[in-house]
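Colleague: All chains, full assembly: derive it from the sequences and hints.
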Amino acid sequence: MSEHILLPEGSIEKQTTTLNLGPTHPATHGVFQNILELDGERIMKATSTVGYIHRAFEKIAERRPLYQITPLTDRLNYCSSPINNMGWHLTCEKLLGVTTPKRVDYLRVIIMELARISDHLICNSIVGVDSGAYSGFLYVMQFRELIYEIYEEVCGSRLTTNIGRIGGFERNFTNAAFEKLEKFLDEKTGYPAQLKEFENLFSRNRIFMERTIGCGPISAERAMNYGFTGPNLRAAGVDYDVRVQTPYSSYSDFDFTVPVGTTGDCYDRFLVRNEEMWQSMSIIKQAYQKVQEFKGADADVYHADVPAYYLPEKKDVYTKMEALIYHFKIIMGETEMPAGEVYNSVEGANGELGFYLISDGGRTPYRLHFRRPCFIYYQAYPELIKDGMLSDAVITMSSLNLIAGELDA
Amino acid sequence: MLTNEIIQQKLTEKFGDVLTDWQEPYGMLTFTAPKDLNLKVMQFLYDDAELKFTFLTDLQAVHYPDNKGAELAVVYHLHNWAANVRIRFKVFTDINQPDVFSATALFQSANFMERETFDFYGVNFVGHPNLIRILNVDEMDYFPLRKEFPLEDQTRIDKDDEMFGRG
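Protein chains in written order, with this note's numbering: chain L, 1 to 409; chain V, 1 to 167.
These are calculated hints, taken from the structure and not from any lab test.
Where a beta carbon is used, it is the ideal one built from N, C-alpha and C, also for glycine.
It is possible that part of the hints are untrue.
[Unchecked claim] Pairwise CB distance ranges, derived in the manner of DEER restraints:
no. : chain 1 : residue 1 : chain 2 : residue 2 : range
1   : V       : D36       : L       : F294      : 52 to 58 angstroms
2   : L       : E182      : V       : N130      : 49 to 55 angstroms
3   : L       : E221      : V       : F44       : 18 to 24 angstroms
4   : L       : P247      : V       : D36       : 35 to 41 angstroms
5   : V       : Q97       : L       : E221      : 31 to 37 angstroms
6   : L       : D387      : V       : P144      : 34 to 40 angstroms
7   : L       : E170      : V       : P25       : 25 to 31 angstroms
8   : V       : A82       : L       : E182      : 38 to 44 angstroms
9   : V       : A82       : L       : I331      : 43 to 49 angstroms
10  : L       : L138      : V       : M1        : 47 to 53 angstroms
[What the hints assert, rightly or not] Partial selection, computed: residues in chain V whose CB lies under 10 angstroms from chain L:
no. : residue
11  : Q23
12  : Y64
13  : V75
14  : Q108
15  : S109
16  : L145
17  : F149
Modeller: Structure (structure tokens):
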């Protein structure tokens, strides 16, 4: 890539072309604008513009009680909204000093890892689409549908899930949810078999390898300096994972490995995401096994006891005075939260998703800041695609898993 | 084992008592530095063989309108991955002259984060290579996350405390 032959001075061919890649280009899978300066098909310079779908979440959050902020987090990385939701609940629980029961932690882990799989499978299959292999995308899509059906069983919605509450889940998992989970995990007909097939299609595919190896690479030092986290950082060879570094939601109870790459190019990012899906499946299996060990009354535990923040069940609201009071107070946003400042992060599908919450003791946050991994690593994009071909820029963008919602908040 | 006490001790040794307001909310060491020293503090935290805070996790601002003369706080979250310790430090600046040194020379990742902070709070990061608006439109002539811009119509009374027997 570095052997860029310059034409003789003054020749007409030496002039560069300016090309707008985006904001609404089908190959960018979202609203991104990059103004490229091209010499033939080679990128000399790129300038990124972001902010096309900025929705002022941080401002809106300053007028909302805690539970009304959950739907805002859905719309950050909408390919894996449950992780954002859980990250927000965990932040609130840290502020309020709530400890959740083990069963809640395990159920959360199941949902978060399903979300990670649904995010990675989209990303990796889109890398396939952008490199000209459409079929892989169609193969895995039915399993994203199955994951969405599991969300639907748990919370009622599919994409912007608003799943869970401060303290746990809104209701216990139904048998149908567990049946769907088993169907998903089935070795022969479930996702493992499908992922194996997906890997067979891509991982050692000559065309795919030639297309992605050496495309958009970044070194570990540069990646750290650019604030990379998540699979993109691990592909560059740094084994930083929030689940391991600062375990939340009982992640320390599970046995899993953190895959790392070496060169940080598109191929390594692809392999790291694939391996993470296998690890996620292993975590889900372990968590499901632990959930099944709860018997009798323990198997009905699905939330912690935080009456001031956990919306009571409807049947209690109609029959119990106390539940009615709390229901009213929560719905009207009438609960004062303790003053304090807290930073909490979870391992989102794209990296460290952080929430910095300052409370002055009022009913709404004084200041809430989302650390969106996408926004931070996207600034490396012009450097990643410089001196590469235009078609490599497209594939690099999809393999970074840029999600416009997360980028623009 | 890098503990908050060691970090505080090392920083006090180096900078003396100009670093103030030491706290540990939820276990994270937090302090305030004079705004002229923000880069020096960050560089020291970065270079010191034991401290090694080489990752800038997050950077944002907070507006305290009642804090006259120091209305804007720029908050840095730094992380030492090897020892897995996070710290947070703040620099306060006057809203009429919100000049703070840019961290872009030390951390590439500060580029977008400082642009975002400038965009929403108007903090002027001195030394930033390209300090222009990032998420809002270029024509905007105010800084929307400052507290003087209320989100909802303030004439609404249905969210007033009086409606619920208080205040």
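Colleague: All the hints need checking, so say for each whether the structure fits it.
Modeller: Now for the hints, and whether the structure bears them out:
1. Separation of D36(V) from F294(L) is about 57 angstroms and conforms to the stated range, judged on CB atoms against 52 to 58 angstroms.
2. Between E182(L) and N130(V) the CB atoms are about 52 angstroms apart, so this pair conforms to the stated range of 49 to 55 angstroms.
3. In this structure the hint that E221(L) and F44(V) lie 18 to 24 angstroms apart at CB holds, the actual value being about 20 angstroms.
4. At roughly 39 angstroms, the beta carbons of P247(L) and D36(V) sit within the given window of 35 to 41 angstroms.
5. The hint said 31 to 37 angstroms for the Cβ distance between Q97(V) and E221(L), and at roughly 36 angstroms that hint holds.
6. For the hinted restraint 34 to 40 angstroms between D387(L) and P144(V), the CB-CB distance of approximately 38 angstroms keeps it satisfied.
7. The hinted range of 25 to 31 angstroms is satisfied by E170(L) and P25(V), whose Cβ atoms lie roughly 30 angstroms apart.
8. The hint said 38 to 44 angstroms for the Cβ distance between A82(V) and E182(L), and at roughly 41 angstroms that hint holds.
9. For the hinted restraint 43 to 49 angstroms between A82(V) and I331(L), the CB-CB distance of approximately 46 angstroms keeps it satisfied.
10. Distance hint check: the CB atoms of L138(L) and M1(V) are about 52 angstroms apart, consistent with the given range 47 to 53 angstroms.
11. The interface hint given for Q23(V) holds, since its Cβ lies 9 angstroms from the closest Cβ of chain L, which is under the 10 angstroms cut-off.
12. Hint status for Y64(V): holds, given a least beta-carbon distance of 9 angstroms to chain L, under 10 angstroms.
13. With a cut of 10 angstroms, the hint placing V75(V) at the interface with chain L holds, because the nearest CB-to-CB distance is about 7 angstroms.
14. Checking Q108(V) against chain L: minimum C-beta separation of about 5 angstroms stays under 10 angstroms; hint holds.
15. Taking 10 angstroms as the C-beta cut-off, the interface hint given for S109(V) holds, the closest approach to chain L being about 3 angstroms.
16. A least Cβ separation of about 6 angstroms between L145(V) and chain L falls short of the 10 angstroms threshold, and the interface hint therefore holds.
17. With a least beta-carbon distance of about 8 angstroms to chain L, the hint placing F149(V) at the interface is held under the 10 angstroms criterion.
The structure agrees with every numbered hint stated previously.
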